[in-house]
Structures are given as structure tokens and as C-alpha cells.
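Visitor: So you can see what is in the structure, the chains are spelled out below.
There are 4 protein chains.
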Amino acid sequence: MNTIGKILSLKTFGESHGPAMGGVLDGMPAGVEIDLDELQRFVDRRRTGQHTGSSTRDEKDRVEVLSGIWQGKTLGTPIGFVVRNADARSADYDKIARCYRPNHADYTWEVKYGIRDPRGGGRASARETVARVVAGGIALQTLDSLGITIESRIVQVGPRLGVAEMEQAVIDAAKDGDTLGGIIACTVKGVPAGLGEPVFGKLHAQLAAAMMSIPSVHGFEYGDGFEMAAKRGSEVMDQFVKHEDGTIGTVTNHSGGIQGGISNGEDIVMRIAFKPVPTLMRDVPTIDRDGNPVTLHPRGRHDVCVLQRALPVVEAMAALVILDNYLIKKTNVL
Amino acid sequence: MNTIGKILSLKTFGESHGPAMGGVLDGMPAGVEIDLDELQRFVDRRRTGQHTGSSTRDEKDRVEVLSGIWQGKTLGTPIGFVVRNADARSADYDKIARCYRPNHADYTWEVKYGIRDPRGGGRASARETVARVVAGGIALQTLDSLGITIESRIVQVGPRLGVAEMEQAVIDAAKDGDTLGGIIACTVKGVPAGLGEPVFGKLHAQLAAAMMSIPSVHGFEYGDGFEMAAKRGSEVMDQFVKHEDGTIGTVTNHSGGIQGGISNGEDIVMRIAFKPVPTLMRDVPTIDRDGNPVTLHPRGRHDVCVLQRALPVVEAMAALVILDNYLIKKTNVL
Amino acid sequence: MNTIGKILSLKTFGESHGPAMGGVLDGMPAGVEIDLDELQRFVDRRRTGQHTGSSTRDEKDRVEVLSGIWQGKTLGTPIGFVVRNADARSADYDKIARCYRPNHADYTWEVKYGIRDPRGGGRASARETVARVVAGGIALQTLDSLGITIESRIVQVGPRLGVAEMEQAVIDAAKDGDTLGGIIACTVKGVPAGLGEPVFGKLHAQLAAAMMSIPSVHGFEYGDGFEMAAKRGSEVMDQFVKHEDGTIGTVTNHSGGIQGGISNGEDIVMRIAFKPVPTLMRDVPTIDRDGNPVTLHPRGRHDVCVLQRALPVVEAMAALVILDNYLIKKTNVL
Amino acid sequence: MNTIGKILSLKTFGESHGPAMGGVLDGMPAGVEIDLDELQRFVDRRRTGQHTGSSTRDEKDRVEVLSGIWQGKTLGTPIGFVVRNADARSADYDKIARCYRPNHADYTWEVKYGIRDPRGGGRASARETVARVVAGGIALQTLDSLGITIESRIVQVGPRLGVAEMEQAVIDAAKDGDTLGGIIACTVKGVPAGLGEPVFGKLHAQLAAAMMSIPSVHGFEYGDGFEMAAKRGSEVMDQFVKHEDGTIGTVTNHSGGIQGGISNGEDIVMRIAFKPVPTLMRDVPTIDRDGNPVTLHPRGRHDVCVLQRALPVVEAMAALVILDNYLIKKTNVL
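Residue numbers (the numbering used here), protein chains in the order written: chain A, 1 to 334; chain B, 1 to 334; chain C, 1 to 334; chain D, 1 to 334.
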């Protein structure tokens with residue numbers, strides 16, 4: 001259940017304030033060189049305290065690889081790893097354990113399991129994404145050796161589109177004890193044609209599931225996405241062309257690099273919409289387990305906007321999906 | 001690969017102009033009453049020739065159930081079914097087999113497998129959705145017995161939003177030999193709180209994958225979706241409320257009935273964006289397998305806009321996901 | 001649930017006296033030549049009425065392939081197929097529907113599902129193996145093109161080991177209205193070294209699961225099997241040797257071609273034990289649904305011994321496992 | 001790949017001389033009380049240095065649970081755990097890394113992955129079973145709360161069947177620098193009728209796969225097993241009986257508690273055959289990577305017979321399979 005991927009599969013575990021987050025990346029091909037320092041740097045991109053509007057909580061997030069990599073190379077065995085939860089504070093969780101924070105998973109989690117770890121959101125915390133970034137970082141290095149690269153960037157924060165405006169929007173929201181969401185665009189370059197499974201496993205369906213599984217994501221589109229719904233067929237037709245080097249491509253890329261669920265060799269282009277952070281730095285009225293009204297007072301350190309920290313998560317999820325499909329492709333012929 | 005779902009799983013097969021489309025719906029609980037006439041009527045909603053802008057090809061699409069239902073009830077065994085491809089015409093496919101139609105899967109399919117059935121798009125044809133509708137229709141009847149209902153409607157065709165305008169838009173596009181896409185909204189009512197798997201199997205991630213796997217879909221959002229990216233946290237907060245009957249709900253539903261990937265008992269609300277039909281009724285320039293320029297002349301009977309026919313497909317996919325998660329939920333406690 | 005295999009996966013469906021048995025073989029690589037006449041002949045080996053001690057019921061078992069093979073080659077798409085249940089007799093099943101036949105699945109099935117199709121055992125009938133043989137026959141042809149061959153033979157019938165004695169044992173048991181089991185040995189030749197997944201997916205663990213899933217099987221062993229438990233380590237050591245052609249092999253094959261769960265290039269050798277057929281041709285006392293004693297009188301046509309008919313089933317299961325692992329192997333390196 | 005189970009699934013990781021062994025037990029129902037001290041005691045049963053004939057290497061094997069259990073109860077989230085490899089010695093592995101030990105996985109592993117961790121057998125070491133025992137111990141406690149218990153015992157060591165004789169057999173083999181295998185019998189009591197999936201997921205097929213995946217296992221049988229092949233149908237018929245408490249059972253249990261792949265409420269009985277330990281305490285001739293003859297001299301500390309240590313592994317695997325099927329059963333009806 002806590003797993004994604006078919007050949008290359010990642011299973012993660014960990015509660016926000018338990019001993020550690022971690023995961024197992026299974027199905028990694030053998031003999032791939034992995035630079036653990038580079039991996040640590042990638043994971044560091046997700047840390048708090050580095051960006052305008054991100055929490056000042058100091059998470060060290062040191063990656064400890066427990067298996068599957070030896071002398072700098074993958075063994076083909078599962079890569080187990082943990083990241084300790086160093087900064088968890090002991091606290092009186094009695095009250096919060098009885099309250100349902102709005103737009104959080106407290107209520108739904110409790111209905112589903114009849115029990116929940118209330119400390120820092122437990123497993124519902126976005127802290128679980130650290131395991132995605134570790135695994136995704138390994139996949140990214142592997143893709144890099146294949147000439148496949150992944151880039152992501154923030155294209156909208158709240159209602160703002162320009163870089164300078166976006167930073168100011170975060171500062172303004174913070175002043176009001178409020179929060180912001182936004183949109184991240186992600187591009188995968190160098191993907192060979194032929195990746196993706198038709199019907200239910202279309203490459204963009206897999207990417208959608210991967211991105212929608214990131215906490216706070218409320219929308220996904222690829223190529224021209226929702227705008228495509230307003231266009232005529234003749235306006236979004238990607239004409240084929242034979243390049244001088246003999247390869248086949250398309251003149252435009254309304255299709256976002258995927259046709260019929262299979263990559264066509266053009267850049268894979270997608271956009272992911274994040275809702276605003278649900279925890280406000282102001283009093284918030286809600287109810288407790290018995291339905292009684294209560295007021296939540298701001299406490300702890302929280303992000304105003306998570307988009308900077310979400311960039312490596314988006315890249316990690318894209319990397320896991322693309323590498324998995326690269327491996328699946330190998331089984332399409334004898 | 002051609003499978004969706006964990007406990008309730010659907011595997012489909014079939015090429016557009018082969019002997020039959022079909023599938024196996026496995027994991028259906030035993031003892032559920034299924035009305036096969038009602039199922040046939042549901043499948044008929046997907047047929048051609050019934051709507052403005054849909055192809056005039058007459059597909060009978062008679063569902064033949066081969067197993068798993070006996071004396072009107074499910075046996076708990078896999079439900080195998082076929083729908084014959086009655087109306088396939090023999091034709092000279094030599095030319096089309098060598099050409100890559102723009103925005104179709106001809107090229108990507110050929111790169112992936114090194115071989116393809118060019119007749120009517122083979123398995124890349126949207127005809128494969130007939131198997132989804134059969135299986136989804138069975139899931140819908142099951143959900144109905146649980147008080148869970150699914151509705152879908154067209155909310156945009158091309159750039160048009162009003163019902164009268166939408167029909168005219170199709171007529172106009174058809175005159176120009178052009179095609180349209182649009183947006184379908186889908187609402188699931190009566191879902192109990194607690195369905196969906198946190199982390200990678202979030203309910204909306206599963207729904208996204210299911211909807212994005214429908215041919216021509218380029219975008220998915222739930223709740224306030226992409227608009228949420230432009231809002232502040234305080235603007236989209238769904239306050240909890242205790243209803244008079246003692247149940248807990250929310251005052252607003254920006255979250256679209258899902259929090260932390262788990263249903264909260266409110267309506268599940270989502271929107272799905274379709275690209276315009278890729279086959280135009282006019283000459284289209286493209287290239288053949290060797291990269292030589294060729295012109296495709298309009299032939300056959302094709303949809304101008306598929307949204308009417310896509311409604312039962314959207315409902316079917318939603319039903320499969322919701323029922324699967326209903327069953328998974330049973331395993332969350334001893 | 002009704003599925004076996006990871007990359008190459010078979011899902012089957014069908015009740016013994018329903019409209020048809022069938023299945024979907026998914027994950028077959030594209031471009032493989034399949035001879036459908038040869039496939040039919042392989043399926044015919046499983047038919048009744050051909051061997052001493054097998055039922056005289058005439059099952060035509062004509063294989064109808066519905067998808068995935070075109071112009072004699074696999075398309076890489078799922079191969080859907082059905083085999084009609086032509087010879088099912090209408091009958092009064094009221095009594096049998098209320099009785100639990102000893103050593104059959106009537107009782108367990110009813111407890112599990114709360115409902116069962118009593119006609120001919122429903123899905124619990126060994127008739128379901130016809131779908132295995134169809135899919136396995138396709139896998140066998142594929143393996144053959146890779147130089148991998150599978151042989152099976154009966155090595156014991158009841159307590160008898162010699163061919164002439166075995167036939168006589170069946171005749172004797174039939175006279176008494178009794179039945180027999182036995183042991184089948186299966187050898188896979190030409191398997192390259194390196195197939196099989198360590199830990200839970202060991203090649204012999206997969207083979208064991210596949211063989212134990214065949215109706216009536218009660219035991220599985222590979223290499224020297226149970227006899228190995230009585231030996232010392234020095235007695236079963238397979239010494240490595242470098243052959244003149246430079247390949248590495250072993251002098252003996254106590255290990256049965258598998259070491260550490262991975263094939264080593266030697267013949268894969270296994271033995272499968274079948275219990276006697278549970279349906280006797282004599283009065284059998286049992287109880288009905290309410291616990292009242294009843295006597296079952298012999299009716300219908302049943303096998304005295306199923307081993308001849310089981311040979312192609314054993315070969316089919318072996319073929320599915322080996323080909324699946326051949327494909328998985330492709331993903332072990334980039 | 002390194003995973004077993006459908007709803008309750010265990011994924012393990014770890015190389016014998018890497019930092020740690022570990023695993024993730026996913027799908028555990030929420031709210032189950034787990035006694036971590038009892039768990040540690042169960043894991044201790046697998047340790048070396050406690051039995052006649054087992055290695056004197058001191059493995060502490062302290063279980064560290066990283067997630068999924070809080071305040072003594074399961075959260076419904078994945079249970080991540082690690083067991084550090086405390087006693088690994090640094091050594092010169094250059095020679096051993098070039099040699100293929102007979103009846104070990106050195107050669108097959110190298111062919112499969114092109115790379116292997118030679119230290120102590122890497123992931124091919126039976127040390128991986130420590131993760132099975134941790135997860136299985138959690139499953140055992142859960143089953144215990146349901147009234148389901150699992151027992152295992154050694155019934156044969158080498159050619160010896162009596163307890164006193166078995167111990168002597170180990171002492172004798174050790175004197176000769178030789179090793180022994182044997183047979184373990186395992187019984188599961190209190191399993192409700194109705195567990196197991198017909199066709200490919202038969203309960204005994206799942207048990208077979210689980211047991212055959214334990215290192216050194218070469219054979220599996222349930223009920224009367226291989227002996228059943230020599231019997232007539234009338235000799236192994238388990239007559240149904242209605243007990244005084246109204247429940248239905250069978251008078252005999254030749255079927256081993258499973259009929260048609262589904263539990264019938266009687267004891268589940270199975271036997272598992274282990275080959276002798278492959279590492280001898282004497283000089284062993286073999287070849288190196290280039291095919292040159294080499295002699296392996298005895299070094300390190302190794303088991304003469306692993307059966308005592310294998311008992312908790314057998315129980316653990318049985319527990320994982322039974323609990324998984326207990327959960328699956330919940331989805332058979334709405």
C-alpha cells in the first residue's frame with residue numbers, strides 16, 4: 001500500500017515524530033554508480049530553513065544507506081535507508097490528539113484506522129516525503145547516466161507569476177499569519193520514445209498518480225493540459241518531422257511528450273497544483289472528537305509556502321516513474 | 001500491465017478490429033445482485049450514433065458475461081466478459097500501416113513494440129473503453145446497493161460552457177472538419193469517511209490515475225483544483241461541523257471530499273480535461289515510417305467530440321476506484 | 001487473485017458448467033511467432049477420453065484467441081482467449097447443491113463465499129486448468145524459440161513405478177470403483193544461468209507455488225528433494241567444472257539446476273505429488289448443509305487417475321514461470 | 001521482488017555484512033497490541049550459539065522498530081524495523097570474491113547481477129531470515145489474539161528420526177567436518193474455515209512458496225503429502241462430521257486442513273525438507289571466476305545443522321501467510 005512502482009518499486013515508512021523515516025528501493029538494476037554525497041545534497045534541497053516562507057525547524061536529514069550499495073555501486077538488491085527524526089520535541093499532545101485540524105488528515109485518519117499518532121501529524125505529515133527524495137535521488141543519478149534529466153521550477157505562488165512578486169506574496173501572507181499554494185512545472189528531457197504502458201498504465205497516468213500522491217497536490221496536467229479542452233483539434237496537432245540526424249520528432253509539443261500513453265521522444269512537460277499550507281499562524285476554530293467547538297492556537301514552526309521544498313519531491317517522483325518505465329520497456333521484446 | 005485495482009481489479013484485452021474486446025473483473029465480493037439488463041443499458045450509453053458529433057458507426061456492443069455471475073448474483077469468482085467487434089470492415093491497411101497519424105499512438109506504439117495492429121488503431125483505439133464500462137457498470141450497481149452514487153456531466157465543450165452553446169460548438173467544428181475537447185465534472189455521493197490509502201495510494205491519486213488513463217485526457221483536479229493554487233489558506237479552509245444527527249462534516253468542500261488522501265464523507269468532486277479528437281475530417285500532412293511526407297485523406301466515421309460518450313467511462317472508472325477502496329478499508333482493522 | 005506471474009501474468013476465469021473458461025495472458029513480448037494449430041494440439045493433450053482411466057466425457061476444448069496475436073505474431077498486447085464449455089448437461093443440482101462431497105471444495109468454498117455454483121464443481125473444478133494449458137502453450141512456443149524445452153513424465157501411479165504396472169493399477173482401481181494419484185517428474189532443459197529472484201521469489205519457490213496450485217497436488221520437491229534431508233553435505237555437493245567450450249557447469253545435479261534460488265544452467269528437475277481423484281464410483285457417505293447424513297451415489301463420468309491429463313498442465317505451469325523469470329532477468333541491469 | 005504477501009506484505013533488505021538487515025511489514029491492521037519484549041524473545045530463538053551444531057558466532061540481533069507501533073499498538077502504518085549486523089569482521093575477501101563455493105549462490109548471483117557482495121554471502125546469506133522472523137513474530141502475536149497458534153518441530157535430522165539420535169547425528173557429522181539437513185513439521189491450529197484463494201492462490205500454494213523461499217529448503221508437502229500419491233482415493237477420504245457444538249469437521253485429516261486450496265477448520269499440517277548446510281569444515285575443491293581449480297579451506301564459524309534455528313523461521317513464514325489470508329477473507333463479501 002505504501003508502495004509505488006512495478007519493477008523499480010519504493011516502499012516507505014515512518015511517522016513524523018517516531019524514531020525515523022525510511023524506505024526500501026527495490027528493483028534497482030545492478031552495477032549503477034551512486035554518489036552518496038551527491039545524494040545527500042539532493043536531499044538537503046528539501047530541508048527546512050533555507051527558503052523564504054519555510055519553517056525554521058532544523059532538520060538534519062542525514063541519509064543512512066543500510067543495504068544495496070557497496071563500494072559505490074548498486075548490487076541489484078533492495079536499497080534500505082533511514083533518515084532519523086532528530087528534532088522531534090516531547091510535548092503535551094493530549095489536546096491536539098483530541099482535535100481535528102481543518103484541511104488536515106486528523107479526522108479521516110482516525111475514522112480509517114480508529115487510532116492515530118497525533119505527534120506532528122504522524123505518518124500524514126509531509127515529512128514522509130524525505131523518503132521519496134532519497135529514493136528519487138538514486139533514480140535521478142541513474143537516469144543521468146542514461147542522458148535523461150529532470151528540471152522543475154515554480155511558475156506560480158498564490159496568484160503571482162513573476163519571481164520577485166512570488167517572494168513578496170509569501171512575505172505578505174506570513175504577515176497575516178496566512179499561507180499560500182502555487183504551481184510547479186516539471187520537464188523531463190532526453191526520454192527515449194517508447195516508454196509507458198498503454199491502457200491503464202499510460203505514462204501520464206503514472207506520473208499523475210505519483211504527483212497527486214505528494215501532500216497538498218490538487219491538480220495535474222501534461223502538455224497543454226486544461227487549456228487543450230478549449231482548443232480545436234487542428235490547433236493542437238503536433239506535426240511529425242524527420243530531423244536531419246534521421247530521428248523522428250514533432251514540430252510542436254502540445255502533447256507534452258506523450259502520445260497514447262507512450263513517450264514520443266519530445267520533452268515530457270507537466271504542471272502540478274498545490275493547495276495552500278493548511279496550518280495557519282492564527283487562531284483557528286474547529287471541533288474535537290466529541291464534536292465540541294475548540295480553538296487551535298498557533299504553535300510550532302510551520303511553512304508559509306512549501307513550493308521551494310516541494311521541487312526536489314516533484315523531481316524525485318518523476319525520476320522514479322521514468323526509471324521504472326525504462327526498465328519495463330526492456331521486457332517488451334524477447 | 002493492462003490492469004487497474006488492488007482487491008477489485010480489472011484486466012482488459014482486445015484490439016479495435018480484432019474478434020472482441022473483453023476483460024476480467026476479479027475480486028468482486030460474492031452474493032451481490034447484478035441486473036444484466038441494467039448493465040447493458042449502461043454500456044449502451046457509451047455507444048456511437050446517439051449524440052451530436054459522435055460517429056455514425058453502429059456498434060452493437062452486446063455484453064456477454066462468461067463467468068462469475070450465476071442466477072443473478074456474483075459468485076466471488078472472476079467475472080469474464082466479452083463484447084464482439086461486429087462492425088469491423090476489411091480494408092486496405094497497407095498505407096495507413098506505414099503512416100504515423102499526428103496526435104495518435106501509431107509512432108509511439110511502433111517504437112515500443114516493433115509491431116502494431118494498424119486496423120482502427122488496434123489496442124490504442126478508444127474502443128478499449130467498452131471493457132471499462134462493462135466492469136464499471138458492475139461496480140456501479142454494487143455501490144448503489146451501498147448507497148453510493150456517481151454522477152458526471154459535461155461542463156465545457158471547446159471554449160463553450162452553456163449547454164445550448166456546447167451543441168452549437170460541435171456543429172460548427174464538424175462543418176470545418178475539425179474536432180473539439182472539453183471538461184467533464186464528476187461527483188461521487190454517499191462515500192463513507194475513511195476510504196483511500198495514505199502516501200502513494202491517496203484516494204485522489206488513484207482517481208487521477210484512473211481518469212488520466214482514459215484516452216484523450218490531459219488534466220485532472222479535485223476539489224478546488226488548480227484554482228486552489230491561487231488562494232490563501234484561510235480562503236479554502238473547510239470548517240468542521242457536527243451535524244444534528246451526530247455525524248461530523250465540513251461547512252464548505254474546497255477539499256473535494258478528500259483530506260490527506262482519505263475520504264471525509266463529503267461529496268467527492270473532480271474535473272477531467274479532454275483534448276480534442278485527434279482525427280480530423282480534412283487532409284492532414286504527416287510522414288510515413290521512412291520519414292517521407294504523406295497526406296492523410298479523411299476516411300471512415302469519426303467522432304467530432306467524445307464527451308457524451310466519455311461520461312459513462314468516467315463514471316465507470318470512478319466506480320472501480322471507489323469500490324476497490326471500500327474493500328481495502330475492510331482490512332484496516334482485525 | 002486469480003493471477004500468476006509478475007511481468008508475464010496469466011489471469012483466468014470460468015466455472016465448469018458456465019458458458020466458457022478463459023483467460024488473459026498479459027506481458028507477452030511482441031513479435032513472437034505463435035502457431036495456433038500447434039497450440040490447439042497442445043491443449044488437446046489435456047482432453048478427456050484419450051487415456052486409460054480418464055473420463056469419457058467429450059470435451060472439444062477449441063481455443064479461440066480474441067486478441068494479442070495478429071498475422072501469426074504477438075502484438076505485445078494482452079492475449080485474451082476462451083474455451084467454450086460445450087458438453088455441460090442440464091441436471092437437477094438441488095441435492096448436490098446441499099451436500100458436501102468429501103475431499104472436494106464444496107464445504108470450504110461455501111464457508112468462504114457464502115454462495116457457490118454447484119454445477120460440476122463450479123470454479124473449483126479441475127476444468128479451470130484448460131486456461132492454464134492455453135496460456136502455457138503460448139509460453140512453451142516462446143521458450144522453444146529460445147532453446148528452452150520442458151518435458152514431463154509419470155514416474156509413479158499409486159504404489160506402482162513401472163509403465164506396464166501403472167496401467168494395470170488404474171484398471172484394478174477402476175474395477176473397485178476406486179481412484180489413484182501418483183507422481184510426475186518435470187525437467188526444464190536449456191535454461192540460462194541467472195533466472196530467479198533471491199529471497200522470496202526464488203525460482204523453485206515460484207515453481208512450487210505454480211505446481212501446488214494445480215488441483216490435487218500435495219507435494220513438491222526439486223533436485224534431490226526430500227531425500228536430501230537424509231544426506232550429509234559432502235554427499236550432495238555439486239562440484240563446479242569448466243567445460244571445454246568455456247562454460248561453467250556442475251558435475252552432478254543434486255541441486256536440481258537452482259542454487260540460491262537462481263538457475264545455474266543445469267537441468268531444472270522437480271517432482272510433483274498428486275493425491276488420488278476424490279470422486280469415487282461407489283456410494284460415499286457424507287453430510288449435507290444442515291449436518292444430516294446423506295449418501296452420494298456415483299453419477300456422471302469421472303477420471304480414475306488424472307496424471308496423463310495433468311502432464312500438459314505441469315508443463316504449462318513450468319513454462320509460465322520460466323518465461324516470466326526470463327523477462328524479469330532483463331531488468332537486472334541497465 | 002523482495003516482497004511476500006498481498007494485503008499483509010513484507011519487504012526485506014540487507015546484506016550479511018552490510019550495516020543492517022531490515023524490513024517493512026505493511027498492511028498490518030491498526031489497534032493490535034504488540035509486546036516488543038516478546039518479539040525480541042521470538043527473534044532470539046533464531047540466534048546462533050544456542051544449539052548443538054549451530055555456529056558460535058555471537059549475533060545480538062536486537063530488533064529496532066522504527067515506525068508503525070506506538071504506545072504498544074499498531075497504527076495501521078508500515079512497520080519499519082532494522083537489526084544491526086554487529087559482528088561482521090573485516091577480512092580479506094579478495095580470494096573468496098573470486099571463487100564459487102559449491103552449493104552456494106556465488107556463481108548464480110554473479111551471472112544474474114554481474115556484481116555481488118562476497119562478504120559472508122551478501123544478501124544470499126541465511127542471515128536475511130532475521131527480518132522474516134521479526135515480521136513473522138508480529139504476525140504471530142496478532143494471530144494469537146485471534147486464537148490461531150503455530151507450532152513446529154524437527155522430525156528428522158539427516159537419516160535419524162528420534163530426538164536423542166538426532167543430537168548424536170549432529171555431533172558425528174561435526175567430527176567429520178560434515179553437515180546435515182532434515183525435516184521440520186509445522187502445524188497451524190485454530191484457523192477458521194474459509195481462508196485461501198482458489199486457483200493460483202491456494203492456501204497450500206502460498207505456504208509452499210513461503211517455505212520454499214527459506215534458504216536450503218528443497219521440498220514441501222501438506223497433509224499426507226507424497227505418501228498420498230501411493231494411496232487409493234478410498235484410503236484418504238476425510239469424512240465430514242457434525243460436532244456436538246454444531247460445527248462441521250472431518251473425522252480424519254489426510255487433507256492437512258485444506259480442501260480446494262481453502263482452509264476447512266482442521267489443523268493445517270505441513271512438512272518442509274532442508275538440504276544439508278553447504279559449507280563444510282574441510283577442504284573443498286572448486287573453481288574460480290576464470291575456471292581455474294582452487295581449494296577452499298575451512299574458515300569462520302558455521303552451522304553443522306540449521307534446523308533448530310530454522311524453527312522460528314518456519315513459524316514466521318506460516319504466520320505471515322495465514323494472517324494475510326485472514327485479511328483477504330474480509331473482502332470476500334460486501
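Just so you know, these hints were derived from the structure itself, not from any lab. Please read all numbers here as calculations on a predicted model, not as lab measurements. Treat each hint with caution, since some may be false.
Identical chains blur together in the list; that is why a pair holds if it fits in one copy or across any two.
Said to hold, decoys possible - Once the Cα atoms are required to be at most 20 Å apart in a straight line, the calculated EDC-like pairs of lysine to aspartate or glutamate come out as: (1) LYS60 / ASP44; (2) LYS242 / ASP288; (3) LYS95 / ASP35; (4) LYS73 / ASP176.
Visitor: When the hints from earlier in the document are held up against this structure, which numbers fail?
Guide: 3, 4
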